[in-house]
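Asks: Quick mapping for you: the protein sequence lines, in order, are chains A and B. Our numbering puts the first sequence at residues 74 to 541. Our numbering puts the second sequence at residues 74 to 541.
Here are the simulated distance ranges between beta carbons: (1) 474(A) / 409(B): 21 to 31 Å; (2) 166(B) / 474(A): 34 to 44 Å; (3) 473(B) / 236(A): 33 to 43 Å; (4) 341(A) / 491(B): 38 to 48 Å; (5) 112(B) / 341(A): 52 to 62 Å; (6) 138(B) / 264(A): 41 to 51 Å; (7) 400(B) / 466(A): 22 to 32 Å; (8) 85(A) / 138(B): 49 to 59 Å; (9) 406(B) / 154(A): 48 to 58 Å; (10) 235(B) / 451(A): 35 to 45 Å.
What the hints contain is simulated information worked out from the structure, not anything from laboratory work. Only a predicted model underlies this, so the values are computations on that prediction, with no experimental measurement involved. Backbone N, C-alpha and C fix where the C-beta goes; we use that ideal spot for every residue, glycine too.
If you want the building blocks of each chain, they are given just below.
Number of protein chains: 2
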Amino acid sequence: MSLSTPPAVVTAGVTLFEETLARQAVDVAAVRWQPPVGDPAALAAVMGDARRVAANEQALAAMLGAQAHLVDVRPASEVLGLEPRTFLHAGPPVEWERASGPMRGALIGALLFEGIASTPEEATRVLESGGVSWEPCHGRGAVGPMAGVVSPSMWVFCLRDESTGNESWCSLNEGLGKVLRYGAYDDSVIDRLRWMTDVLGPLLQHAVRAGDPVDVRAIVAQMIQMGDEGHNRNRAGTLMFLREVLPAMIDSGFPTSDVAQAVRFVSGNDHFFLNLVMPACKLQTLAAADLPGSTVVTVMARNGTDFGIQTSGTGDTWFTAPAHTPEGLFLGSYGPEDANPDIGDSAITETAGIGGLAMATAPAIVRFVGGSVPDALATTQRMYDITVGENPAFAIPILEFRGTPTGIDVTSVVRSGVLPQINTGMAGRVAGTGQVGAGLVTPPMACFTQALDALAARTAPPGRGVAG
Amino acid sequence: MSLSTPPAVVTAGVTLFEETLARQAVDVAAVRWQPPVGDPAALAAVMGDARRVAANEQALAAMLGAQAHLVDVRPASEVLGLEPRTFLHAGPPVEWERASGPMRGALIGALLFEGIASTPEEATRVLESGGVSWEPCHGRGAVGPMAGVVSPSMWVFCLRDESTGNESWCSLNEGLGKVLRYGAYDDSVIDRLRWMTDVLGPLLQHAVRAGDPVDVRAIVAQMIQMGDEGHNRNRAGTLMFLREVLPAMIDSGFPTSDVAQAVRFVSGNDHFFLNLVMPACKLQTLAAADLPGSTVVTVMARNGTDFGIQTSGTGDTWFTAPAHTPEGLFLGSYGPEDANPDIGDSAITETAGIGGLAMATAPAIVRFVGGSVPDALATTQRMYDITVGENPAFAIPILEFRGTPTGIDVTSVVRSGVLPQINTGMAGRVAGTGQVGAGLVTPPMACFTQALDALAARTAPPGRGVAG
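The following block holds chain A by itself, in its conformation from the complex (with noise of 0.2 Å):
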């Protein structure tokens, strides 16, 4: 018997048989494919989870659907019912013994900046004593970029969602180089952050309550038109947010050389805005949360040691483990063995669908976070094979306008092994460096398959209807 037509080869996963048929001239068509990681009875349970669907169509819907308006900025104490002595951070919860230079670094500058403490050795001897405590910025609804520590005196912008009531906050961004949230506590380092709340932070907060709320996502929509993906490109997003409260800075009656001050210190920081692009993040995903039975990521953060991420289905279990380091570009003299692992919540971008997963928007930031061109593109075209939808809202012009990926979901996660896209700062490995760089990172794939195995846990048996 005779073939009337060469045969046609289809190969699948393994590239042995792909590549000894070429060999020998054959024409191949190879799909890629591999195993799925973790376990596949937890897999099958998930997958076969009636609510699933349902439930992470729903999850998308929320993310589209919330909005983000600046409403006011005040002191942490006064809206995060952050006691004296109490301190939020990025990540997961971390103890002292195992928390990393930066976040060191980032206490005992909070610690110097309230006065608990008048030297670093001082702040460090309160710290390991227990006389002082922190604890996550998520668990208060709040984001913290990179060490992400808040002290009760910090001003910080309260973010209001109206289609849910849910706020979020955030911490005003104090520039980059040598800065708390990068671990440096040195004398400009307090001096700046006492002037962010002596001046900064009451100018404004006059600007903002005399105006109209801030859109927040209507800048973030603008500003993924202009090459910024709202992670570590802010560029443009700052400069809109800067005309809007710009007139009424102006008009507050407030010294005009502070006005002026303040205006240099924010168009200085192209990162300025990235303070609310997160929080705006985190009340997308905040609307999201806890529907039974959804596998989408609703929060990725790290605290400089562990890398945790929570899914809707799980509420805010964290599923840990420990943080890859970033590589990318150094600044000045620093290298790889300068960085610190991946930290801070600024991952909270990534997890709402911009930031890493936008990167097809912001070419240029391969000039700072390092990669390719091509590279930039390819990874927004893979992280729409791990997202359940795309967000019309922020659309990206050079892909004729498709919606950025949005919604991780645990599942396509550990059936393609594929892992989001990060892309971050870098900080100083020891405390008191401040920042060394800026890079790619993924988050650890145990996060995932830890958050699968608790969704099998919690998945409704056959019959029992779909999620409320």
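On the provided structure of chain A, position chain B as indicated by the hints.
Replies: Then chain B, alone, in the frame of chain A:
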């Protein structure tokens, strides 16, 4: 005799052979080619000009080397030598009888603004009777968007190229819709011009004089990385310009209500920075002017009736032909029948290699001027075929940081038949209307064939040496 391999067929130009062979299932490699436009003898003469290559290299180097600092803001009468009753306008010269509706409307408005007439009818009588005079902006080294009418009392940006000592000037941008430059002249237009003269001009003058000269070229370089192409998208540029002058505006001692109003005015108009991009581009092309043997285009400008170009090798001679009418998107209920032919000096942006030539960096612009995202990318790629080089200072991220196509070459245009791509605002055909839309347009080929003839008439005989 037989062939040992299948024949390889290459066709060039006319598609008849290609199509016939393809129908016979023959593999054909088609080379796109079309006969040059214009007089073959003229083209041969210009291509054979021994000075050409070196002169064009010199022109490119001059364009790339030009600086552009905003050094002052002053009334046009003080810096442009504008006598009372003298006006500047966009494009090549045009008499009243042939002037388009928007050009007439803008001149009428300018007479009202200067108090030469108190009604549009009276202004029209003065303009018809020769009681005032008007001449091209380019003749005095200035540029004006759309009708480009500058009257003695209007304030202008003063830009300087430190590398050559050249200067250029442009009016302040009024915003969109019913504005003088689009041919509107009602009370709101005149009132706005008065406020710009009484408040905005003096305040900007104070701010510019108080600070270091604003590096306009550096802002253009940044905006190219932020989705602006510098002609019809100047969003990021406007915000970055505002950032530069803001602190000095706030510290100016002017009433804070005036400062706040000026900030609202500037930041509320995404096109404000166009009037700084244009003179910066003029300084680029001015640096490349008057090089014997150079076939590089130094001016493309339209008066609403005629399109005119100038080339480096032919000095300030205009080569004109009737302007095309743009095709694009319309505001409100306006349609193609409302559009005036192409108008304005703003094609100086394309002449310098940005605007329509750099649309690849601004895919979002297709929502303003029409076309598709792939078109925007293909347009910039096509423009490399008719330009003498690339501008590394204006790097397009999505093209892996390739520089903008710079220095349109008359010989490349007539040899390829490819015309420079311009994107542009569209003025209403009827005087007094204002803006009706925005779109895409090309210059008439006749401008280039005329320029070619003039270049041919000036070629150096062989052996007469290269450009000095």
